[in-house]
Structure formats: C-alpha cells, structure tokens
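Please model the complete structure; the sequences and the hints are all you need to start from.
Residue numbers (the working numbering), protein chains in the order written: chain A, 2 to 259; chain Y, 1436 to 1746; chain F, 54 to 443; chain Z, 0 to 289.
The set of hints was computed from the structure by calculation and includes no laboratory data. Incorrect hints may appear among the rest.
In silico EDC-like links for lysine to aspartate or glutamate, alpha-carbon gap of 16 Å or less [claimed, not checked]: (1) F:K277 with Z:E2; (2) F:K220 with F:D443; (3) Y:K1745 with Y:E1625; (4) F:K366 with Z:E115; (5) F:K366 with Z:E2; (6) F:K435 with F:E328; (7) F:K113 with Y:E1711; (8) F:K263 with Z:E115; (9) Z:K114 with F:D321; (10) F:K118 with F:D341; (11) F:K219 with F:D443; (12) F:K342 with F:D443; (13) F:K156 with F:D87; (14) F:K430 with F:E402; (15) F:K129 with F:D117; (16) F:K366 with F:E384; (17) F:K275 with Z:E2; (18) F:K110 with Y:E1625; (19) F:K110 with Z:E115; (20) Z:K114 with Y:D1579; (21) F:K110 with Z:E2; (22) F:K317 with Z:E115; (23) F:K197 with F:E177; (24) F:K317 with F:D347; (25) F:K275 with F:D257; (26) F:K198 with F:D399; (27) F:K387 with F:E402; (28) F:K198 with F:E212.
Note that this is a predicted model, so its numbers are computed, not measured.
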Amino acid sequence: MNLLQVEDIAVSFGGVRALDGVGFTIAEGLIFSIIGPNGAGKTTLFNVLTGLNRPSHGRVRFRGSEVTGAPPHRLAAIGISRTFQNLQIFPRMTALDNVRVGRHLQERTGALRGMLRPPGTAAAEELSRRTALELLDRVGLANVADKPAGGLAYGIMKRLEIARALASGPKLLLLDEPAAGCNPAETAEIDRLLLALKRDGVTLALVEHDMKLVMGVSDRVLVLVEGKVLVESEPQAVRLDSRVVEAYLGSAHAGGGA
Amino acid sequence: MLARLGPPAAIAAVILLAPLLFQSGYHFRIGALVWINALAVIGLNVLMGLAGQVSLGHAGFFGIGAYAAAVLPARYGLHPLAATAAGAVLCAAVAFTVGRPILRLKGHYLAVATLGLGMLVAMVLTNEVWLTGGPDGMPAPRPDLGGWRISGPETWYWISGTVLVLGVLLAQNLRISPAGLALGALHDSEVAAGTLGVDVARSKLVAFVVSAVYGSVAGSMLAFLNGHVTPDRAGFLQSIEFVTMAVLGGLGSMIGSVAGAAVLVVIPQVLTFFHEYEHLMLGVLVILIMVLLPSGVVPALSSLLARRRKE
Amino acid sequence: MKSECSGSNRGRVLAWVGAVGAVFLAAQPASAADTVKIGASLSITGPASFLGEPEEKTLKIYVDKINAQGGVNGRKLELVVYDDAGDANKARTFATRLVEEDKVVAIVGGSTTGATMAMVPVAEDAKVPFISLAGAIVIVDPVKKFVFKTPHTDRMACEKIFADMKKRGLTKVGIISGTGGFGKSMHDECVKVASTSGVEIVADETYGPKDSDMTPQLTNIKNKAGVQALLNADFGQGPAIVMRNIKQLGITLPVYQSHGVASKSFIDLAGPAAEGVRLPAAALLVADKLPANDPQKPIAVGYAQTYEKETGKPVSTFGGHAYDGLMMLVEAMKRAGSADPVKIRDEIEKTKGFIGTAGMFNMTSTDHMGLDLGAFKMLQIKNGDWTLAD
Amino acid sequence: MAEFLQFTSSGLTVGAVYALVALGFTLIFNASGVVNFAQGEFVMLGGMGTVFAAAAGVPLPLAALLAVALAVVAGLLLDGLAIRPARQAGPIVLIIITIGAALVIRGLAQVFFDKEFHKLPGFSGDASIHIGGAAVLPQTFWVLAGTLAIFSGMWWFMTRTMTGKALRATAANRLAAELVGIDTRLVTTLAFAVSAGIGAVAGILITPITLTNYDIGTMLALKAFVASVLGGMGNPIGAVVGGLLLGLLEAFAAGYLSSSYKDAAAIVVLLLVLFAMPSGLFGSKSVERV
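Right under this line is the structure:
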C-alpha cells in the first residue's frame, strides 16, 4: 500500500523555484532515500512534507487522506515525524526529557491536569519515563539519560534526535542527513539503527550525502537536482545512470561511466 | 519528587520563620507585599522562564485583578472572594482572546505588543471615572468570611503566604508535567516541538492565560491588603518592575521569583536611609546583581554552592 | 546525607537570602530618646516632585527653627520623612512604617490625592492625626475623624474662577485638563460647579501628563462657536506647554489656570505666554503687595522670606500648605499639652482663627479644612510677576 | 482644512521628537542587540546639561557641546561599566541592566541638577509661523532638519564607511565579525558613544518644544521604543517613519477622536500593524533556517 503520495509539488521563495513539479510515492515498510547536490531542494521537500513550508502548488496524500498544508503538529498526530539537518534538540532539558517531549501525543497534556496532578499522574509519569528510557537504550544512550542534552557530543545528539522522533510513534520517519558530521564508526552505528527500524516496520525517508550508507540501506533512491526529479528507481540503477553522475560531477566525467 | 516539592517547601519554611524576626505590623506588611509580588512574578516566570515568551504588560492583569476586587463588591454587591474569582476569570478571558494574535509575534515585537496591552488597561482604569474612580483610585472592601473580618497586615501576611506556596506548588507541578515539558520544548525550538505534535500556538496561549490568572489573583490580594487601588498598579512601570524581579531572581527558578520580589520590595525600604540617593543606589544594585549574577540571584548562588560542595 | 538533588541547595540559598532580610529588620532607625516624632510621606521625586520638594524643605526648615526655640512642650521634635514618589502603594507602606515602626504622633502630608487616600485607612485605624497637603475634596468629604487638609479644595477653586468669569461676562467656557489625579479631580468638580454657577462648558478636552503638544485639543476649543474663555485644570509642565501652545495658535481668549500652578516656576516656564493669566491662589504669592492691615501679611511675608533665604528658590503655595499643616499641628500640641495622638487630633479639630499662608483656618467636627472662599485671592500675572487681580 | 494642517503639524512635531530619539535606539541595537532603555536619559542629559551650563554663564552653543560631551561620557561609562562586563548575558538581562543604568543616571541628575522643569529658547525664536491656517513653531523645522541630518549621517556612516560596515557586521554575526578582524568591543563602545551623542542632540533640539526635567527620559524612551518597533527594529528608515507615524496617529486621534483616548488609538494601530506585519513596517523578515 502506498504510504505517501506526492503529486506535482512546487515551492518558490520570492521568485526562486526551490521545488518544481516534484512527484513520487513512498511504499510502506521500505527505506526511501533522496539524494542530490547541495541546494537541490531536499530540505525544502522535507519541510513541505512536515508542514513547515506551504507548497504553492501540488498535493500531498498520506495513507490516502489529503494533508497538503497541514500544520506540523497535525502531521505528527497522523504519524509523520522528522529529524533536522541542523540539530534542533532541546539543550536545556535532559536527554530523557527530550525523548519524553517526543511522547507528547501519547500523554495527557492538559495544563490544568498538569498543575492539579489528579490520581494516576505519578503512574503515568513513571510509564512515560520508562518508555523514554527504553527508546534511549534502543539508540544506545541510556547512560546519558539525566545529562542536559546541550552538553552531549555531536554524534550522540544526532542519535538522541532520532530517539526523540521515534518516541512520537511515527509511521513515516524523515531523517535529514542523520550521518552528517559522523565518523565511520558512528555512521556504521546509524546504518545498523536504520535497518533495525525497518525491521520494526517503520517506513523511513532519508536525505543523505554518504553514498556508501545510502546505497547500502535504501530500497528506492530519488535524485533531486535544482528542484526537479532527475530519476527515481533502485539504488543500483541510479548509480549507473549517466545523468546522475553528470549532475554530481559535471559533464566531463559523464562519458567515462562509473 | 524532592525537585518538585523542594521550592514550595523552602518558601513555606521562610514564610513560617520570617515572622520570628518581625517587630511590628509594618514588617508584616512588607512580608505580605513580597508574597503578593512574588505570586505575580511566578505567573510571569511561567510565561517568560518556562515558555520563553516575553511580556511587558503583565501589570495589566495585576490591575484588572485589583480593580475587580474593588469594583465588583462596590457596584454589584459581589462577595470580595467571589470578586477575586471573577477577576481571575475575566483576566483569563482577556488573555485568551488577545493572546492568540499577540503570541504570533516574537522577541521585541511581542514585548511592545504586550507593553501596549498593559498600557491600554491602565488607560481604561484611569479614564473610566464612573467605574474606577479615576486616577486617584478607589477604596477596596475588607472581605469577611463568615463574620470574620479579614483585615490588617498580619492576617494578609499569612493569607498571601499560603496562596503563594499553593501558587509555587501548582507552577512546579506544571513545569514537570507533559504540558510543562511542551512549554520548555517550544522555548528551545518551536519548530522541533511542532514536529513532535506540540500545538505551539495553543501551548503559548495556555502559558499566557496561566500567567494572567496568577497576576489577577495577586492584584486582588493587593487591593484587600491596601484597602485602596490606583491605576498605576496596571501601568508600564509596574510591568517593568515585575520583569526586573523575574530576571533578577532568575528566570526559570521559582525560588528566584520570590527572591527577586524580596529584593525589589525590601531593598528600597532599606535604601530610604540614603534619602535623595535612594534611586541611584537601587540602579547601582540592579546593575551589580545582573553583571555579577547574570543567570539571576538564585540560579547563580545555587550553582556557586553546588560547585563549592563538589571541591 | 550528600544529596545531589537541587532541593536542599535551594533551601540553603533561601536561608542566605533570609539573612539579608534579617539585616534589614535589625537596622532600626537610630533616634534620640525623648523626642516627639512627626512623620511625613511626600512625593519628593516622580511626577509630583515640584509639590513634594518645597513641602519637604519647608518642614525641615521649620522643625529645626522650632527645636532651636526649645521644641514643643519642652521636648524636641524629630521629623521622619519618606519619599513616596507619588506612588499610592509606596505612600501606604510608608504610612504604616511611620505609625508602626517610627511611632509618630502625627503625620503631615500626602502630596497627591492618590497617595493621601491610600494613607487614610492607616491613620484612621492607628488613630493618628493626618494632615494632608493634597487638593481633592474627597479627602475631607465625607469627613474622616483623623484626617485633615490645609490646601483649598478644587471645588473652591472652581467656584472662585467661575465667580470671576461671571463678573467679566464670560459664560461660555472651554476646559482643557490633564488626565493626572489633580487635573481629573478638578475637571470633575468644575463640571459640577459650572451647572450651578451659570457658566456653560462648551468644550471639554484632555491631554496626557507627559504630552508635549496640545495644539490639536486647543484647535478644537478655538473653533468651538461662542467660546469666551479657557480653563486649564492641571499641575506640572502640562499647563506651561498649554500656555505656549495658546500663544502659538494665536488664541486671544482670556485664560484661567488652577491653583495647581501657583508657583514662580510656572511663570518662568510659560514665559511671555503667561501674560494676563488669572488663577485663584493663596495670598502668599503677593504677600508684599497685601494691604498693611491684612492679618495674613506678617505670616505670609515671614514664610516667604525665610523660605527664599534658606533655599534660594522662589516661594510656592505648595510649601505654604506644609507650613500651615506643621504650624497648626504644633499649636494643637501646645494646646493639648501632651504627645498623645488622640488629644492632638481633638485640638486640631478645635483650631479657630489660625492664620496660615493659605488664609484663616476655622476647623469644625464637620469641616476638616477650615478655609472659606475668602481665603482664595484671584491673582493675575502681569509682566512676569503675581499681582492681585482687581 | 486649517484644522487638518494644524493636526498634521502637531503630529509631525511630536513625531519628529520620537523619530530623533528612536534613531539613538537603532544604533545601539544594531551594534550590540541591546534595547537601550537608558536612551531617554541621554536625551535628558542633552536638555538639562545645556540648561545648567547656560545658567552657569556658558554661551548657548558651547553649553550644548558640553551637554553632548556629558552624554557621550555617560554612554561610554554605561558600555564600559555595565554592558561590556555582562557580555555573555542574554538580551533580556542586558535590557534590565540598561533599566538599572537609567535609574543611576536619573538618580544623579535629580541630585546634581534639580527636580524643576526647565526650558531652552527656540533656536530661531518662539513666534509661530502661519502656513495655510496652521500655526507652527520654528523649532519644529529644527527638529525635522535634525532628524533628517542625523538619519542621513547614520545612513551614510552605516553604508559608506568601513566602521559603519564593521558595525553592521558585528550586529549580523559577532563571532564572524571577530574572525575577520573587527574589534567588536571597540565597535560596540563607538555605537554607545555615538548613540549617546545623538540622544543628547535630540534632547537639545526638542527641549524648546517639550521642556525638560530630570524625569523626562522614561516616557520618551518608551515612545521611541514603540516607534522603532513599529518601523521595524534596527532599521533607521523604520525608526524615522515609525516615529513620525506614531506622532501623527496621536495628533489625529486627539484632534478627531476623543483626546482622552489618543494614546489608546496609537497603541491599537500599533497592534494592528504588528499583527499584519510581524516584524514592523520595514523590519527584516527573518526566515528560520532549519
């Protein structure tokens, strides 16, 4: 079943066409990667899918229902969550609390209820803490649970953001350059994590520059150049496609083939 | 558990112990003024410290609360305590309706919008003489509870102290609740909070309404303590004093709000020894505290003590 | 038990902050043993500072003078003064401090009506006589047992102004008033008094206390058909700017001001624009021009000379109110022969024929001001100085 | 018609006062991100300093220079003693520091000057000029000319001189500016000094209209802050347009609506503008990079 249908999406910032006629579908349970040179519009596309940018044209359908232009929190409620290219963790909170915010949709978040703490509040809190700790453990960060997130190492913050996004129980998780700035060991760790998530039935969409990672885990790859879809197919086919090499490395190398 | 109940317990302890040092009704009045200001500042702290939304119009709600406590009993025969509740409901309604458009603004623009809101309230209280008695203010009733006439600084010291401890407890509960976590999240990154399912606009509005109710109840108590209300309690100088108290004490720290209120209520009483140099000394003190303890009196001292204990 | 949680940390911090508070409580005002304390909460700074400052200077000068002559009933007076900056809440706190902490036997003076009304409950509860230096009639109407006032009420000023206008055939008046306490109260009283004294208010404009240009409002009044005279009810820098705007707009209507500007600094500020302005005020400002047989002359001249010698600043009626309040209090204390506040209050209420800078005071149990309309003189500004209007 | 012209002239007079003070805000905000609530005190120092120097027998032009120098010294002290030591503090803490500084300057002024109101003679007399039925004080033109001169001077300084560009670079990104060798501390100090000077000049120009007293700074700083936010924080054009607009709003509200709610009308319009344009009329729309 197609989890996400994107039809003819266009976004322009003051005359500049960031995205133009972008269309594709993401099937449930697969890892869908989006690659392309810098400035191709990858992050803008993620912003459209998560409600941060309103498309000037086109439609987005998620599990069959129309969601174009819906605000981020409503998209999160129906199961779309993401991480960010430049980290957006909550630095003043502990790692555990960061993940607990991820559970916002599963918890009773009335302010009055929070202030009056009716019976059962402590139990709910304990459940929330335990679940969050499990998620931290899943990304190997149980040991930093009580440390302020702002003080953690960059690689650890990256994984914390993934754990936090997972906490909202997404059906589709959009990861914006999860391996950026990571050393090979950390990238391998993320590689294992992505495959584990896939096994758990979470559909993933990836924006990534690390070709080794992309070709390794992806079921489908879409190449975005200057806001337009160049090609979308199996990883192997994309790798051999001359247009892709040309787009990345310039025409001089295209003739020689990979 | 202790992190949640620590502040209310600590403040309750000070409220109980301080009177041992008091020698006259004047000291009780100063104590009551500190607790009343602290309650308003705790509300502002929920909005500024927790949710990160600046407000230079907090005294507007303080003024509405004070005048509700004075006008409703006088004109409509409402019991003073019912008038206090009505004032809080009125402030919540005003905050709810005005909050939605205002809270779309950020930083200095939000500051000026809230400043304007506070000044509008002060203007209405000054000009609607038929209702509020005009710039010279009007008397406020002395509430009675089943025959017991509540008046006198000592009585109001204990009442305002009790309400403050309750206010701190509720604020602490909010802070560690899912709703409080959501507020802390949107303070750090509205974008990220949104993608995790937090309705950012609604959460900010909730924080604004909560801060308005705290301001209103504090205003009503001041009206009963003084027996008289004047429009300058809603003016921008009072708003700026609340913000100064919140920042001096330490944004985000409940005990900080109480400490900030204590500094700006007690110190000027001490500075009267300097007569005409009074304002100069207060200004120097504000600068010194902010330069030496930029995170605020309480957070800075806490980390200082914590660091010394580690060595 | 070494606990990492921040709870006990905060407890220790609270104790530290509490200690600072304790230092404040311990530092009591040092005072000589056998002096009689008189308290004052005045607006020495803030928007009403030109009221509070001359009041404070007058009280200090004359308390020292009285002590130099042996004090009252053989005991020296001690003056305890606080600056409430015109803030009603601060005035209320200082009133409580004067009564409960400094244990004063009497209080002289809230400078503004707002501050005074906030102090009234304290004086009434503590049964300490309180002589206010503010203008509004609400201070003594309804009469409060322990509360008196020395300045003329704004109602009397309106009556005096409208009487003078009627005499000159000016019956259609445009009023422009400040939205501060004094301006609004005087405006309301004048509207009430106008209906009974045959004068019609044809225009009613207001401006903010700190505004710097009132030409729009004055233009509206100028264009009002049939307006014959202009009344400006306010104190502070507002009236000076109104006068300059009137000259700027070339308005030639006769202008009346309130007793709120009865000081030389108004003439200096308004400059040539003030020429010909009339306003009701105490005879103090024309002390030297009073006829020799006027009983008020020696008092007014005496105070004017002392004040100007000691401060180097021109005399104002605001300082005069403080002089009247202090002297009436001292006379009452002498008559009471004791420092008991209630006895002093009774004597103040019995004040008869007391000559002050504002006129002759005759207090009664129903009139806690004791001035009649005669105490007001109608003054006119001629070439930069006060003169008695004909 | 004469009425309209009179209201417009009153609006422009008051508006020019707000614009002139708002320009002072803009410079410090641009260089250090600090909203300087002591800006009104620099204006006060300009007016009161000139009055007291003149009273001591110094000829008026020299008295004005002394007053400007006094304000510049105050600006340098504010930067050196308060803003620089609290360098790493957040913007809200810096605002509180400027509020403390305003208290200090006012506290000193009330002791070393006095608490009376004072005036300065109009630079070209106080006789009003009649234009199409509206009577205008000559001083208004001095204030408008002053605003124009300072605005163009600031615009030239910010766009045509290296120091000006260094100032804008410091405002945009302090770290990056330091990396390219800009002495950001010097730039900030310069901004405080120049801003204080502008404030003093404003004080001297407006005193013949608004009179002056030790306490006049507070309300002026407030109205100028509203004006500069209305026009778009940190933008000199915004400060001038915002100031003039606020002045005109107040004058027309006083003239045509009810004068007791003239300030309320100005605030309602301010709120409407901000709701429609969340970063002011000319404010830079900041797009959040995610």
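How the hints compare with the structure:
The hinted pair formed by K277 (chain F) and E2 (chain Z) meets the criterion: a straight-line CA distance of about 12 Å does not exceed 16 Å. Under the criterion of a C-alpha separation no larger than 16 Å, the hint pairing K220 (chain F) with D443 (chain F) is consistent with the structure, at around 11 Å. Our distance criterion of 16 Å between C-alpha atoms is broken by K1745 (chain Y) and E1625 (chain Y), whose separation comes to about 35 Å. Restraint check for K366 (chain F) and E115 (chain Z): satisfied, since their Cα atoms lie roughly 11 Å apart, inside the 16 Å limit.
At roughly 41 Å between alpha-carbon atoms, K366 (chain F) and E2 (chain Z) are farther apart than 16 Å, so this suggested pair is violated. Restraint check for K435 (chain F) and E328 (chain F): the C-alpha separation of about 6 Å stays at or below 16 Å, so the hint holds. Our distance criterion of 16 Å between C-alpha atoms is met by K113 (chain F) and E1711 (chain Y), whose separation comes to about 14 Å. Taking the CA atoms of K263 (chain F) and E115 (chain Z), the gap is about 14 Å. The hint holds against a cut of 16 Å.
A threshold of 16 Å between alpha carbons decides the hint, and for K114 (chain Z) with D321 (chain F) the separation of about 15 Å falls inside it, so the pair holds. Among the hinted pairs, K118 (chain F) with D341 (chain F) is inconsistent with the structure: their alpha-carbon atoms are about 23 Å apart, more than 16 Å. At roughly 14 Å between alpha-carbon atoms, K219 (chain F) and D443 (chain F) fall within 16 Å of each other, so this suggested pair holds. For the suggested pair K342 (chain F) and D443 (chain F), the alpha carbons sit about 13 Å apart, so the restraint of at most 16 Å is met.
Restraint check for K156 (chain F) and D87 (chain F): satisfied, since their Cα atoms lie roughly 13 Å apart, inside the 16 Å limit. Using a Cα cut-off of 16 Å, the hinted pair K430 (chain F) and E402 (chain F) is violated, with the two alpha carbons roughly 25 Å apart. Our distance criterion of 16 Å between C-alpha atoms is met by K129 (chain F) and D117 (chain F), whose separation comes to about 9 Å. A hinted pair counts as satisfied when its Cα atoms are at most 16 Å apart, and K366 (chain F) with E384 (chain F) does not qualify at roughly 27 Å.
Between K275 (chain F) and E2 (chain Z) the CA atoms are separated by roughly 10 Å; this keeps the pair inside 16 Å, and the hint holds. For the hint pairing K110 (chain F) with E1625 (chain Y), the CA-to-CA distance comes to about 57 Å; that exceeds 16 Å, so the pair is violated. The suggested pairing of K110 (chain F) with E115 (chain Z) holds, with an alpha-carbon distance near 14 Å, which does not exceed 16 Å. A threshold of 16 Å between alpha carbons decides the hint, and for K114 (chain Z) with D1579 (chain Y) the separation of about 44 Å lies outside it, so the pair is violated.
Between K110 (chain F) and E2 (chain Z) the alpha-carbon distance is near 46 Å, which puts this suggested pair outside the 16 Å criterion. Distance restraint check for K317 (chain F) and E115 (chain Z): the Cα-Cα separation of roughly 11 Å lies within the 16 Å cut-off, and the hinted pair is therefore satisfied. About 8 Å separates the Cα atoms of K197 (chain F) and E177 (chain F), which keeps this hinted pair within 16 Å; it holds. Of the pairs offered as hints, the one joining K317 (chain F) and D347 (chain F) is violated, with about 23 Å between alpha carbons and a cut-off of 16 Å exceeded.
Taking the CA atoms of K275 (chain F) and D257 (chain F), the gap is about 12 Å. The hint holds against a cut of 16 Å. A hinted pair counts as satisfied when its Cα atoms are at most 16 Å apart, and K198 (chain F) with D399 (chain F) qualifies at roughly 9 Å. Among the hinted pairs, K387 (chain F) with E402 (chain F) is consistent with the structure: their alpha-carbon atoms are about 14 Å apart, no more than 16 Å. Under the criterion of a C-alpha separation no larger than 16 Å, the hint pairing K198 (chain F) with E212 (chain F) is inconsistent with the structure, at around 26 Å.
In the structure shown, a violation is registered for the earlier hints numbered 3, 5, 10, 14, 16, 18, 20, 21, 24, 28, in ascending order.
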